[in-house]
Every structure is written in structure tokens, then in C-alpha cells.
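For the sequence shown, position 153 matches number 153 in the working numbering, and the numbering has no gaps at all.
Some clues are possibly wrong.
Unchecked claim - In silico DSBU-like links for lysine-lysine, alpha-carbon gap of 35 Å or less:
| hint | residue 1 | residue 2 |
| --- | --- | --- |
| 1 | Lys271 | Lys76 |
| 2 | Lys30 | Lys110 |
| 3 | Lys168 | Lys276 |
| 4 | Lys76 | Lys110 |
| 5 | Lys317 | Lys271 |
| 6 | Lys60 | Lys104 |
| 7 | Lys12 | Lys137 |
| 8 | Lys72 | Lys30 |
| 9 | Lys310 | Lys137 |
| 10 | Lys153 | Lys163 |
| 11 | Lys185 | Lys76 |
| 12 | Lys137 | Lys168 |
| 13 | Lys185 | Lys168 |
| 14 | Lys317 | Lys327 |
| 15 | Lys327 | Lys163 |
| 16 | Lys60 | Lys153 |
| 17 | Lys153 | Lys70 |
Source of the hints: derived by calculation from the structure; they are not laboratory data. This structure is a prediction, so every number in the text was calculated from the model and none was measured.
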Amino acid sequence: MTYSQLLQFISKDMTMAHIYQPVMLMELLKNEGKASVEEIAQAILNRDPSQIEYYTQIVKRMVGDVLTNKRKITTKDKGFYSLAGVESLTHGEIDELISLCEQKIIDYEKKRDGAQWSHRRRGRRAVSGSIRYEVLKRASGRCELCGISNEFKNIEVDHITPKSLGGKDDISNYQALCYTCNAQKNNKDDTDFRKLNAMYEDRLHGCLFCDVQTIDRTRIVEENELAFVIRDGFPVTEHHSLFIPKRHVLDYFGLSQPELNAIHQLLHSQKELLLKLDPNIDGFNIGMNCGETAGQSVWHCHVHLIPRRKGDVEYPKGGVRHVIPYKGNYEDLK
Numbered sequence: 001m002t003y004s005q006l007l008q009f010i011s012k013d014m015t016m017a018h019i020y021q022p023v024m025l026m027e028l029l030k031n032e033g034k035a036s037v038e039e040i041a042q043a044i045l046n047r048d049p050s051q052i053e054y055y056t057q058i059v060k061r062m063v064g065d066v067l068t069n070k071r072k073i074t075t076k077d078k079g080f081y082s083l084a085g086v087e088s089l090t091h092g093e094i095d096e097l098i099s100l101c102e103q104k105i106i107d108y109e110k111k112r113d114g115a116q117w118s119h120r121r122r123g124r125r126a127v128s129g130s131i132r133y134e135v136l137k138r139a140s141g142r143c144e145l146c147g148i149s150n151e152f153k154n155i156e157v158d159h160i161t162p163k164s165l166g167g168k169d170d171i172s173n174y175q176a177l178c179y180t181c182n183a184q185k186n187n188k189d190d191t192d193f194r195k196l197n198a199m200y201e202d203r204l205h206g207c208l209f210c211d212v213q214t215i216d217r218t219r220i221v222e223e224n225e226l227a228f229v230i231r232d233g234f235p236v237t238e239h240h241s242l243f244i245p246k247r248h249v250l251d252y253f254g255l256s257q258p259e260l261n262a263i264h265q266l267l268h269s270q271k272e273l274l275l276k277l278d279p280n281i282d283g284f285n286i287g288m289n290c291g292e293t294a295g296q297s298v299w300h301c302h303v304h305l306i307p308r309r310k311g312d313v314e315y316p317k318g319g320v321r322h323v324i325p326y327k328g329n330y331e332d333l334k
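Kindly generate the complete structure, drawing on both the sequences and the hints.
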């Protein structure tokens with residue numbers, strides 16, 4: 001590449017979704033045009049404030065707490081830690097203590113064989129760009145815990161149930177978290193995920209929707225790991241569909257976040273499919289009946305997707321308000 005070509009690319013043609021391209025070029029330019037993957041990664045890491053935030057939390061909540069409050073080796077004053085008595089040590093003693101710390105690290109790394117960083121690697125392959133896009137789109141570019149926008153903090157794709165505890169590489173088990181919430185998640189969450197995973201296997205013999213999964217699978221038109229779709233046996237309109245968690249759970253309010261994600265994914269997928277099957281579909285009603293008073297008759301959660309077409313009722317305004325007679329036309333109630 002000539003100077004003019006590089007100048008044109010960097011100043012005019014480079015499109016950026018992140019800082020990675022200019023950082024990589026800078027590293028190559030500084031090292032006579034050649035740099036290892038690790039060197040480029042280190043250059044990116046040096047510009048990533050989220051890593052400083054992550055280890056700031058480690059210092060405050062873990063190592064700083066242990067050395068200061070439990071072991072009484074250090075003291076803390078505002079944002080600074082101090083090692084008591086260090087002023088009385090000779091240079092030789094300091095060098096010896098540093099060497100001893102280095103040896104402790106070497107021995108520990110040898111014992112763990114790299115496993116000490118497994119919480120950062122998370123023992124899984126990177127989430128693909130297309131899946132990451134879908135997760136962030138579903139979250140509208142915001143952390144699903146604290147709500148901060150990706151304009152202010154980098155948003156990461158996190159396993160709701162960790163891989164180390166049996167969590168699946170499935171979009172229903174992904175959530176969007178800012179790097180701060182992701183870093184702090186394990187410190188705040190004491191859920192026994194082993195029991196939670198077993199919960200998803202719950203089935204009730206004789207339940208209509210539990211039995212569909214084994215006895216009448218031909219009714220299933222789409223499924224993912226935690227939910228499936230069937231066409232309603234008594235459709236309100238053509239292609240009226242039911243979205244059902246595989247776990248036996250009473251109603252919508254008993255669903256876990258991964259199950260909500262799974263149903264949400266299928267709703268979007270089926271919406272696109274039905275629009276292609278029938279161009280006359282002009283709208284949808286989505287709803288669920290929770291409790292006998294609300295009309296529930298099958299005691300296994302299911303979400304209705306009812307395609308709507310112009311003219312299918314005389315007066316559609318009010319939509320789901322029509323579940324109570326004469327309450328749909330709310331303008332007449334004023």
C-alpha cells in the first residue's frame with residue numbers, strides 16, 4: 001500500500017463500527033508493518049475502559065476487601081489503598097517480597113493450568129455476529145438489567161444460565177447486559193442454576209400441551225429449545241396459533257426470562273411466516289388467559305397469536321378490550 005492509498009482509506013473510506021480498525025493499523029504502522037494477533041489484541045485492550053471498570057470492581061469487592069477488612073494487611077482512604085509499615089522496609093526486603101509474590105503467581109498458574117481465567121473466557125465459543133445482533137435488537141440496544149443505552153456503555157451478550165452450570169448456546173438463554181452489570185452479575189446472583197435447569201424438564205402426563213410434545217408432534221409447526229408453536233384447534237381466524245413453553249407451567253406469570261425470550265423469538269418468526277403465507281393479514285392480536293375468571297381452560301401456559309384481516313369484524317377498534325362485552329367501543333363510554 002502506498003502512502004496516498006492508506007491516506008485515502010483512513011481519512012475517507014474507513015467505516016467504523018468500533019475502534020478496532022484504526023487501532024490495528026496503528027499497531028502495524030508502529031512495528032514496521034507486522035504485528036502478532038496477541039499484540040494487536042493487547043493494543044485494543046489498552047483502549048478498553050470496560051476492562052478497568054471490571055477489575056475496579058474486583059479490587060473493591062474482592063481483593064481489596066480481603067486484604068483490608070479480613071486480613072488487616074492494607075488500609076483504605078477514599079480511592080487509595082496503603083500497605084501499613086512499608087516505609088520501614090529496605091529496598092532489598094521489598095525486592096525479596098516482590099519476588100516471593102511473583103513465585104506465588106507462577107505456582108498458582110501452574111497448578112490451575114490457565115483455569116483461573118475461565119470466568120472471563122466463559123468456556124464457550126464467541127457468540128456469532130448475527131446472533132449478537134438479534135439479542136441486541138431484542139433489547140433495543142439497552143442493558144436488560146439496568147437499562148443503560150449502548151451509547152453510554154458497551155453492551156455484551158451474556159448467558160442467563162451460565163455455561164459452567166449447564167446453560168445452552170441458544171438465543172433464548174442470551175441476554176444483553178452492559179459490561180458493569182455483566183461483571184457484577186455473579187457477585188449478586190446466588191440462584192442454584194442446577195435446580196433451574198431441571199425445572200425445564202417438568203412435564204405433566206395427561207396435560208394437553210405436555211402430551212403434544214411426545215404423542216402428537218405432527219401439530220408442532222416450529223420450536224426452539226424451550227417453546228413450540230401449534231395452530232389452534234378451534235381457530236378464531238385462519239392461522240390462529242398458540243405459543244407454548246415446553247415446561248409444564250400454569251400461566252404467563254410463571255415463565256422464566258429464557259422462556260419469555262423463546263416465545264418472543266417464535267412470535268416474531270411466525271409473524272413473518274404468516275405474512276408471507278397470507279398477504280391479506282393486516283394485523284395481529286397477541287394475548288393469554290391467566291386464570292379461570294379470565295377464560296383460561298387449559299392449565300398450561302399458552303400465548304395466542306390471532307391474525308387479523310380487514311373486515312373480519314364490523315368494528316375492530318378497541319381490540320382486546322372486547323373480552324368484556326360493550327367495553328371495546330370505549331369512545332361510546334365517554
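message: What's the verdict on Lys12 and Lys137, does the C-alpha distance respect the 35 Å limit or exceed it?
response: Roughly 29 Å between the alpha carbons, so the hint for Lys12 and Lys137 holds.
field: Given hint Lys76 paired with Lys185 - CA-CA distance at most 35 Å
entry: holds, 25 Å
message: So if I understand the rule, the pair passes when the alpha-carbon distance is 35 Å or less; does Lys72 with Lys30 pass?
response: Judged against 35 Å, a Cα distance of about 45 Å means the pair is violated.
field: Given pair status - Lys163, Lys327, alpha carbons within 35 Å
entry: violated, 48 Å
task: Given the hint that Lys60 pairs with Lys104, test it: the Cα-Cα distance must not exceed 35 Å.
output: Given that 35 Å is the threshold and the Cα spacing comes to 22 Å, the pair holds.
field: Pair hint outcome, Lys137 versus Lys168 [Cα-Cα no greater than 35 Å]
entry: holds, 20 Å
- prompt: Keeping to a limit of 35 Å between CA atoms, is the pair of Lys153 and Lys163 held or broken?
  reply: holds, 24 Å
- prompt: Is the straight-line distance between the alpha-carbon of Lys60 and that of Lys153 35 Å or less?
  reply: holds, 20 Å
message: Does Lys327 sit within 35 Å of Lys317, going by the straight-line distance between their CA atoms?
response: holds, 11 Å
task: Sort out whether Lys276 lies within 35 Å of Lys168, counting only the CA atoms.
output: holds, 31 Å
message: What's the verdict on Lys310 and Lys137, does the C-alpha distance respect the 35 Å limit or exceed it?
response: holds, 30 Å
- prompt: If you draw a straight line from the CA of Lys185 to the CA of Lys168, is it 35 Å or shorter?
  reply: holds, 18 Å
Violated hints for the displayed structure, listed by number in ascending order: 1, 8 and 15.
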